[in-house]
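Colleague: Here the structure of chain A is known, so what remains is to put chain B in place on it, guided by the hints.
Which chain is which? The protein sequence lines are A and B, in order.
Read in this note's numbering, the first sequence has 65 at position 65, and its numbers run on one by one without any break.
Plus 112 on top of the position in the second sequence (first one is 1) and you've got this note's numbering.
These are computed hints drawn from the structure, not numbers from a lab.
Computed from a predicted structure; not experimentally measured.
Some hints here could point you the wrong way.
Capping the alpha-carbon separation at 20 Å, the derived lysine to aspartate or glutamate pairs in EDC-like fashion look like this [to be verified]: (1) B:Lys183 x B:Glu136; (2) B:Lys169 x B:Asp208; (3) B:Lys182 x B:Asp166; (4) A:Lys70 x B:Asp211; (5) A:Lys99 x B:Glu127; (6) A:Lys57 x B:Glu212; (7) A:Lys56 x A:Asp18; (8) A:Lys36 x A:Glu15; (9) A:Lys70 x A:Glu54; (10) A:Lys59 x A:Glu17; (11) A:Lys99 x B:Glu212; (12) A:Lys51 x B:Asp166; (13) A:Lys51 x B:Asp211; (14) A:Lys56 x B:Glu184; (15) A:Lys56 x A:Glu67; (16) A:Lys36 x B:Glu174; (17) B:Lys121 x B:Glu184; (18) A:Lys57 x A:Glu67; (19) A:Lys70 x A:Asp18; (20) A:Lys36 x B:Asp150; (21) A:Lys99 x B:Asp208; (22) A:Lys70 x B:Asp142; (23) A:Lys56 x B:Glu136; (24) A:Lys99 x B:Asp211; (25) A:Lys36 x B:Glu212; (26) B:Lys182 x B:Asp142; (27) A:Lys51 x B:Asp142; (28) A:Lys99 x B:Asp171; (29) A:Lys99 x B:Asp142.
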Amino acid sequence: GQQVMQIPQYQHVQEGEDFTTYCNSSTTLSNIQWYKQRPGGHPVFLIQLVKSGEVKKQKRLTFQFGEAKKNSSLHITATQTTDVGTYFCAGPNAGNNRKLIWGLGTSLAVNP
Amino acid sequence: DGGITQSPKYLFRKEGQNVTLSCEQNLNHDAMYWYRQDPGQGLRLIYYSQIVNDFQKGDIAEGYSVSREKKESFPLTVTSAQKNPTAFYLCASSPDTLDEQFFGPGTRLTVL
Chain A
1 GQQVMQIPQY QHVQEGEDFT TYCNSSTTLS NIQWYKQRPG GHPVFLIQLV
51 KSGEVKKQKR LTFQFGEAKK NSSLHITATQ TTDVGTYFCA GPNAGNNRKL
101 IWGLGTSLAV NP
Chain B
113 DGGITQSPKY LFRKEGQNVT LSCEQNLNHD AMYWYRQDPG QGLRLIYYSQ
163 IVNDFQKGDI AEGYSVSREK KESFPLTVTS AQKNPTAFYL CASSPDTLDE
213 QFFGPGTRLT VL
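Chain A extracted, bound-state conformation:
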């Protein structure tokens, strides 16, 4: 079945270092969504990418959608302790069931 994979599963960085998480789908996606879940909290929507090759920025966060619309990345420049959490990507199911397929997430830890 359709899968959305994220790598790495965990990442530990020093504050100020950059961080990147990658999301790869087994099928072409019409769009991709990114969410952040702080420890002990609930997922919060960050952004949706729709166009092939699209790049969007939110302050220190840069989101990219691959040309083939099968992969995406989230890059954080100069991490801060407030970036700690788990980052999930999700894309629409290619089948008849209209639902999102979620990646397992990348957990980011930041050493101050």
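Modeller: Quick look at chain B alone, frame taken from chain A:
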């Protein structure tokens, strides 16, 4: 103040008892979802509803039941048939099933 509410935040039950988790939204969203999250794990879809009076099984529906009698409400019952019910349960809603999802704060269920 619009949003999704889940109650209670923490819930303890004895093994063999059914328990119902509450989820209410005042966002006027058609779609609602229930996810289960285990420590260090991603989001696993239990049930979802595209519209009132309709719902579909997700990936791990066994041992759970739902109803969608009102647009605002999507309660989840964890039955005694669920083998390992201790987990963090998240409810979400969205305008449509492929749109950005808004999550409630979650309920941590512990079965003793």
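Colleague: Now tell me, hint by hint, if it's right for this structure.
Modeller: Do the hints match the structure? See the list:
A hinted pair counts as satisfied when its Cα atoms are at most 20 Å apart, and lysine 183 of chain B with glutamate 136 of chain B qualifies at roughly 9 Å. For the hint linking lysine 169 of chain B to aspartate 208 of chain B, the alpha-carbon distance of about 17 Å falls within 20 Å, and the restraint holds. Between lysine 182 of chain B and aspartate 166 of chain B, the direct Cα distance comes to roughly 10 Å. Compliance with the 20 Å bound is thereby established for this hinted pair. Proposed proximity of lysine 70 of chain A and aspartate 211 of chain B is supported: the alpha carbons are some 18 Å apart, at most 20 Å.
Under the criterion of a C-alpha separation no larger than 20 Å, the hint pairing lysine 99 of chain A with glutamate 127 of chain B is inconsistent with the structure, at around 32 Å. A C-alpha spacing of about 18 Å is found between lysine 57 of chain A and glutamate 212 of chain B, which places the hinted pair at or below 20 Å, so the restraint holds. For the given pair, lysine 56 of chain A sits about 17 Å from aspartate 18 of chain A by alpha-carbon distance, which is consistent with the 20 Å threshold. This hinted pair checks out: lysine 36 of chain A and glutamate 15 of chain A have alpha carbons roughly 18 Å apart, not beyond 20 Å.
A threshold of 20 Å between alpha carbons decides the hint, and for lysine 70 of chain A with glutamate 54 of chain A the separation of about 12 Å falls inside it, so the pair holds. Taken as a hint, the lysine 59 of chain A and glutamate 17 of chain A pair is honoured in the structure, with Cα atoms around 15 Å apart against an allowance of 20 Å. The straight-line distance between the Cα atoms of lysine 99 of chain A and glutamate 212 of chain B is roughly 11 Å, inside the 20 Å bound, and the hint therefore holds. Pair hint lysine 51 of chain A plus aspartate 166 of chain B does not hold up; C-alpha atoms about 32 Å apart against a cutoff of 20 Å.
Simply put, lysine 51 of chain A and aspartate 211 of chain B have alpha-carbon atoms about 16 Å apart, close enough for the 20 Å limit, and the pair holds. With a C-alpha separation of about 33 Å, the suggested pairing of lysine 56 of chain A with glutamate 184 of chain B is violated against the 20 Å cut-off. Between lysine 56 of chain A and glutamate 67 of chain A the alpha-carbon distance is near 14 Å, which keeps this suggested pair within the 20 Å criterion. Note on lysine 36 of chain A and glutamate 174 of chain B: the hinted pairing is violated, with a Cα-Cα distance of about 28 Å set against a maximum of 20 Å.
Between lysine 121 of chain B and glutamate 184 of chain B, the direct Cα distance comes to roughly 19 Å. Compliance with the 20 Å bound is thereby established for this hinted pair. Straight-line distance between C-alpha atoms of lysine 57 of chain A and glutamate 67 of chain A comes to about 17 Å, which keeps the hinted pair within the 20 Å bound. Of the supplied pair hints, the one linking lysine 70 of chain A and aspartate 18 of chain A is violated, its CA atoms being roughly 23 Å apart against a limit of 20 Å. With a CA separation close to 16 Å, the supplied pair lysine 36 of chain A and aspartate 150 of chain B stays within the 20 Å bound.
Proximity of lysine 99 of chain A to aspartate 208 of chain B is assessed by CA-CA distance (about 9 Å); at most 20 Å being required, the pair is judged to hold. Under the criterion of a C-alpha separation no larger than 20 Å, the hint pairing lysine 70 of chain A with aspartate 142 of chain B is inconsistent with the structure, at around 28 Å. Under the criterion of a C-alpha separation no larger than 20 Å, the hint pairing lysine 56 of chain A with glutamate 136 of chain B is inconsistent with the structure, at around 33 Å. Proximity of lysine 99 of chain A to aspartate 211 of chain B is assessed by CA-CA distance (about 9 Å); at most 20 Å being required, the pair is judged to hold.
Simply put, lysine 36 of chain A and glutamate 212 of chain B have alpha-carbon atoms about 13 Å apart, close enough for the 20 Å limit, and the pair holds. A hinted pair counts as satisfied when its Cα atoms are at most 20 Å apart, and lysine 182 of chain B with aspartate 142 of chain B qualifies at roughly 10 Å. Between lysine 51 of chain A and aspartate 142 of chain B, the direct Cα distance comes to roughly 26 Å. Violation of the 20 Å bound is thereby established for this hinted pair. A distance of roughly 11 Å separates the Cα atoms of lysine 99 of chain A and aspartate 171 of chain B; the hinted pair therefore holds under the 20 Å criterion.
This hinted pair checks out: lysine 99 of chain A and aspartate 142 of chain B have alpha carbons roughly 13 Å apart, not beyond 20 Å.
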